[in-house]
Amino acid sequence: MVVSLLLRQARRILLTVLLGGLLGATLVRLGPGFGVDERELDSRLNADSQQAIRAERARDNNIAAFYFRYITGLVHGDFGFSRSLNRPVSELLAERLPLTLVSLGYGVLGGVSAGLALALLTVWWRAPGADLVPALLSGLCLAAPAAVIALVFLWVGAPSRWAIALVVFPHVYRYAKNQLVATSQSPHVVAAQAKGLSGWRVLWAHVFAPAAPQLAALAGISVSLAFGASIPIEVICDTPGVGQLAWRAALDRDLPLLVTITVLVALMTLVVNGLADLALATWNSTTRSAA
Amino acid sequence: MTGKQKFAMVILGVAVVASLGAAYISRSSYSEQFREAISAPPSARFWLGTDELGRDRFARLLYGTRVSLLLAPAAALLSTVIAGLIGGAAGYLGGRWERIVTAGVDLFLSLPWLFLLLAVRALLPLNTSPVMSVMITFLLLGCLGWAAPARIIRAGTRTQVNSDYLVQAAASGVSRWRLFWRHLLPNLRPILLAQFWISVPVFILSEANLGLLGLGVSEPLPSWGALLRELENYSAVLRNPWMLAPAVLLVIVVSCLQLLLRTEESAPC
Amino acid sequence: MLIRTVIALWLGAALTASAANELRFCLRADPKTFNPLLVEDENSATVRYLTGGVLIRLNRYTQELEGELAAKWKVAENGQRIDFELRRGVRFSDGTPFTCQDVAYTMHQVMDPALHSPVGDSFRSAPGDVETTCASPSTASVRFPAPVANLAAQFDQVAILSVVSPRKESAVLGPFELGEYKPGTYVLLQRNPNYWKRDANGHALPYLDSIRLEIQQNRELELLRFRRGELDIINKLDPEMYDRLSAEMPHAVADAGPSLDWETVFFNQVDSAPLPEYKRRWFRSSDFRRAISEGIRRDDIVRIVYHGHAHAAAGPVSVANRFWLNPALKPGSGSEAAALALLERGGFRRSGGTLLDSAGNKVEFSMITNAGNKLHERMLALIQQDLARLGIQLNVVVLDFPSLIERISRSFNYEAVLMAITNVDLDPSAQMNVWLSSAANHQWNPNQKTPETGWEGEIDKLMQAQNASQDPNKRKTYFDKVQQIVADQAPIVFLVNPNALSAVSANLRNVTPAVLSPQIFWNADRLQVGGSLVSQR
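Chains as they are written, first to last, in the working numbering: chain A, 1 to 291; chain B, 1001 to 1269; chain C, 2001 to 2537.
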């Protein structure tokens, strides 16, 4: 049963990823500036050379043909060739992906941990104005552009991966706090408190635990947020990760690179969200059984 | 309404009124260049000094408030409404529909929408007014920014779907449509309001980041996003700390919105 | 604890000492290629400059040609042939001897039409093959199908490859060779142990042991690292950073004066462009274009945007290009009255605060520029206000670079453009593809089958004439006339020539900042780390 569920999920993820790649390629193809090359402005090149550059760029004009070639290559582990960086895409990813995954890991874990911790603290310490400082902090993090946060980190010499955490944290804090406050007002919590259970036990076992599967929905969003934040942060901090690569690819309309990154982001988002959904489904079915 | 919420309302009201009355409050227009007073410090003439083109920072802040304070919440409202409908419907309907919508949302989150924004910019006539251009940008942000909130709203909906009040209402013969609109959506209000509150600064900053690609507000119209981009010049900020005024104002407005939109959690209705 | 501290300090000192004779600066991005024949981007060009051995080198400081691998050379047959006497006893970095066969091999590779090399295209004045004959291992004669303008100077870009070395393009004749490359992080160049050059005292060059090129896109970070002493030079500093650094470290900055680059504005004059007919008439009117040129206050652009580190431009030759400059030309005055007089002559009139054309159309148009360039965005804001004085409404549109290129070279869906033009060559023949009406880079109206205006036809004739002549004075006369026509017709409005700004660590010796790129490390083989102040002009 679990195996068939996982296989179904895997099939869904594969189809969605492939569709995502095609749609991403289409968006890039339809965007302005596709197929142009800044070498066209080089006045040293003669007409034949300029023509050759245009012909080379026009090769990817037919998006269906491009995507067919891309998928065929993908099956053999060939992700295409990056024209903007003059290297195979697989090589670029092999160099940069580990760095970005580590940054994303720190960013997501850091942001989620900080958001959850502050939300729990706010709920536990139910004094008036208890959420003032976390709210101001999350407001400040929301108000500061990712680029500015990255620059501050640069300036103080702190690792840029934590800058991603500051971008993720306010989203997690806000949602988590609302969810935990809502749960803390449930009848079962009131009953537990009335029975004399300790504050921490009530908070952990009766407030946080029931809300946890819903909070799992944050996982997928956090990954998307973190990747989105990694782009300006890696660009500003000059971290040679996938975020910087994505920015470069977007500026140069590097189709194979952009499609590969789209596929990668889709895969990451789907896998993380799939796991979150699984957790939520499990909790819902457990709740129904208990009822 | 609590005292704090009234206070937040007053602050927001002052900000909106000040931005609408910018022409009367500020002595200069946002585009006027005082070329003999470049990067001037605050003075009686220029309350927040001038920028690197000699433009009155205070005037630009007021006019920028008008752009950002009106358009960003509108875009946030749009994205929240779309997210509420799509995420709420997906969670409510469940089963195959939920799976399809969820996959669609995940796909939506992964696509490089930047190119759609670039394509729209390319389609707009070059002589589109800055106001129209920024309105279209925020409209697009609103139309594209629903996916992440939709996921959260869907998760919230799933936990509500089997709640006693809904089961009771269904047992009483309430139609599915009415259940969704009159019973479920109101109980999603805390989540919806949280998403709205978060989306406002996100869209303001997104507009700023889009400026790096030629989207967003065009000169000379100011916006908070464009003003916040100036903070990237950190050493200028250290020398001229009044450059932080837009960031401070944004934090104040976001905090006031948060206070204003916070409701006491109530029993399901 | 004390022992650990001592060890750490010693290790730190040792590490610093081992890198003490290493020059460190930044590249904006990874080099796209290490093959010198395929170089098209600036970062690859930097690596080529430091590793490639050339026959003739343009001295960036004196702007004179000097023999490098060629002890002597002679241009013959009116620029169709060049004879070299090669230095003897020179070896590639892997020990392979350098002979005429290497020159022949390199020229054959460069001129391969399938390569589409910008260097090769610079030599390609007519179809046909290039013949290199070797009367002896140390003499080479290269003959082209047709005369090539400024032939000797073109060899500054041709890094000689070895025909026999198994290391292919990794075997070099320049002062440094590629040691290590970590993509996205750095390129390490190491001293070429077989470099042929020696200083006046007979010591082997280069003085440096290595050059570390950090890959760094972020300018703020680059400046921060320079301040911390982690970098020795910043080539091409922007004006704001220059002033910032100048305030803290006045001896670390160098302003070499106006560069060869331009900031320009031009209007769309393409027949097939999707423009309303009345706007096409405006842009084709020389009075209109000259009025715009007169109305723009270049002094304000120099003062406000460039913080004084630029020079108002009068035409297509920078004041830094001493020989080719037409001194009779003057930049636009920035005078509202002069601009309005020209507009009136062109049939425009003021109605209230608005300028109208002869048919009553309000004069309003858009100007595009590339996004992410703060200097351009500020310039546009200034120009917008300058033209508002004349009653013209200018709509500013910033676009990302590919979108901009598409509009100006493919769809021609634009009205006016603000663009920077980078110029690496002193000789006007390098600008043939800009001034010839049939050329693709004749920006305002490219690829004309026949010149659409009399003045463009005149420019075509003059440019062909200067290209065909070998007499520098005759060439100067022709090109002076081209400059005058350009000033009269203003197809391109030249705004400013930005200055060549750089930052140099006090530790670096023998630095003489030049205007021509590469500004600081043009004499990399003689730079030394450790010692006195930068020498400035």
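No lab work stands behind these hints: they were computed from the structure.
Honestly, I wouldn't trust all of these hints.
Covered stretches of chain A (chain C as the covering partner; in silico rule of three or more C-beta atoms under 8 Å from a C-beta of chain C) [as the list claims (entries may be wrong)]:
1) 5 to 15
2) 111 to 121
3) 193 to 199
4) 236 to 243
5) 250 to 260
Glycine included, every Cβ here is placed at the ideal spot set by N, Cα and C.
Can you name, in rising order, the numbers of the hints this structure does not satisfy? 1, 2, 3
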